[in-house]
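Chains as they are written, first to last, in numbering that gives the first Met the number 0: chain Y, 0 to 150; chain R, 0 to 152.
Treat the hints as calculated values from the structure; they're not laboratory data. Note that CB positions come from ideal geometry on N, CA and C, so glycine has one too. Some hints here could point you the wrong way.
As the list claims (entries may be wrong) - Restraint ranges, calculated between C-beta atoms of paired labels, are given here:
| no. | chain 1 | residue 1 | chain 2 | residue 2 | range |
| --- | --- | --- | --- | --- | --- |
| 1 | Y | R140 | R | R5 | 16 to 24 Å |
| 2 | Y | A101 | R | E39 | 29 to 37 Å |
| 3 | R | D63 | Y | D84 | 25 to 33 Å |
| 4 | R | G41 | Y | A24 | 16 to 24 Å |
| 5 | R | E22 | Y | F107 | 25 to 33 Å |
| 6 | Y | A101 | R | D107 | 42 to 50 Å |
| 7 | Y | K145 | R | R5 | 16 to 24 Å |
| 8 | R | A142 | Y | V98 | 26 to 34 Å |
| 9 | R | D88 | Y | C70 | 36 to 44 Å |
To be verified - Pulled a few chain R residues facing chain Y out of the computed Cβ check, cut under 7 Å:
| no. | residue |
| --- | --- |
| 10 | S7 |
| 11 | A9 |
| 12 | G11 |
| 13 | Q15 |
| 14 | L21 |
| 15 | M34 |
| 16 | V36 |
| 17 | G51 |
| 18 | G53 |
| 19 | P68 |
| 20 | T76 |
| 21 | S78 |
| 22 | Q82 |
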Amino acid sequence: MAHPIGFQPSVIYQDPKAAIAWLEAAFGFETALYIEDEAGGFVHCQMRYGGALISIGLEWDEDFKSPLKLCGKNTQLTTINIPGDVDAHCERARAAGAVIVAEPNTQFYGARVYRCRDLEGHNWSISQAVEDVSREAAEQRVEGMKITGWI
Amino acid sequence: MAEFKRPSLASGVYYQDPKAALEWLEKAFGFEPVMVVINEDGTLGHSEMRFGDGLIYVGREWDDDHKSPASLGGKNTQSIHIQVESGLDALVERAKQAGAKVLREPADQFYGDRSAMVADPEGHIWSFGQTLKEMSYEEMKVAGNRIDVRERL
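Turn these sequences into a full structure, and let the hints steer you where they fit.
Below, the structure is given as structure tokens:
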């Protein structure tokens, strides 16, 4: 099984099996690889969305903790770039129990974005490109902002 | 908006000092800064770095829920795995020279990859992998002894 070259987020859960079911229901992630031990205990899982993979992991070491253990703090957030309707995506996630932190809103840089928390308090940002905005146009929309580089 | 297509998933990584992190990640790992947004007050608003086909956002602790591991006793709620085509050992050495703490030295794994793990100056943990031998799930199962590998697509 070849990993794609580049980055792969690895998200830590107290209950990874519940997380896998939730991520499928809320975001449409698909299980690509699931590994368990002889006793049926969770070992490792990779889920696929679009062309990307994400690992679902246990709190396997003192340094890796679910936000549930850290009063909801997150050291990273995963952005999901979707091709389709972000408002519909938000409703699906809400129906699955996501806590919507920021309702869908169109941003100055041309994306429509919402943010939510999953069942263990991981934050996710879901983004749909809705407008092609140049660097100059983006700079003009926010007073005092300076942008270097633009993709 | 040219040839580069945003990947379906991209992590935002939070730092107490994101400007220092941008420089460090370029020096240590060779990530390429492709966008930097500076607010009117001089703080970092947003930034993006590329590596291969991958993209990450490097940001500050912009609200109470988003913190550097340096603010949480070294805990990480997520980490990033970096898959490289070649040169894993040299990359880990380069990171070490830049001040990375090596948590796991490069070693061959039963599933056909060579891997390593390091922590950056604020305690974010990064793992690296390089495939040495393509293996089927059946081969992994045998090599892994007592684990069940299933593909469910």
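These are the hints, each one checked on the structure:
1. Y:R140 / R:R5: 16 to 24 Å: 20 Å, holds
2. Y:A101 / R:E39: 29 to 37 Å: 22 Å, violated
3. R:D63 / Y:D84: 25 to 33 Å: 31 Å, holds
4. R:G41 / Y:A24: 16 to 24 Å: 43 Å, violated
5. R:E22 / Y:F107: 25 to 33 Å: With a Cβ separation near 27 Å, R:E22 and Y:F107 satisfy 25 to 33 Å, so the hint holds.
6. Y:A101 / R:D107: 42 to 50 Å: 44 Å, holds
7. Y:K145 / R:R5: 16 to 24 Å: 22 Å, holds
8. R:A142 / Y:V98: 26 to 34 Å: Violated, at about 41 Å.
9. R:D88 / Y:C70: 36 to 44 Å: 39 Å, holds
10. S7: 3 Å, holds
11. A9: 5 Å, holds
12. G11: 4 Å, holds
13. Q15: 11 Å, violated
14. L21: Hint violated; R:L21 Cβ to chain Y Cβ min 11 Å, cut 7 Å.
15. M34: 4 Å, holds
16. V36: Constraint on R:V36 satisfied, holds at 5 Å.
17. G51: OK, holds: R:G51 within 7 Å of chain Y, min 4 Å.
18. G53: 3 Å, holds
19. P68: 5 Å, holds
20. T76: 5 Å, holds
21. S78: 5 Å, holds
22. Q82: 4 Å, holds
Hint violations for this structure: numbers 2, 4, 8, 13, 14, all remaining hints satisfied.
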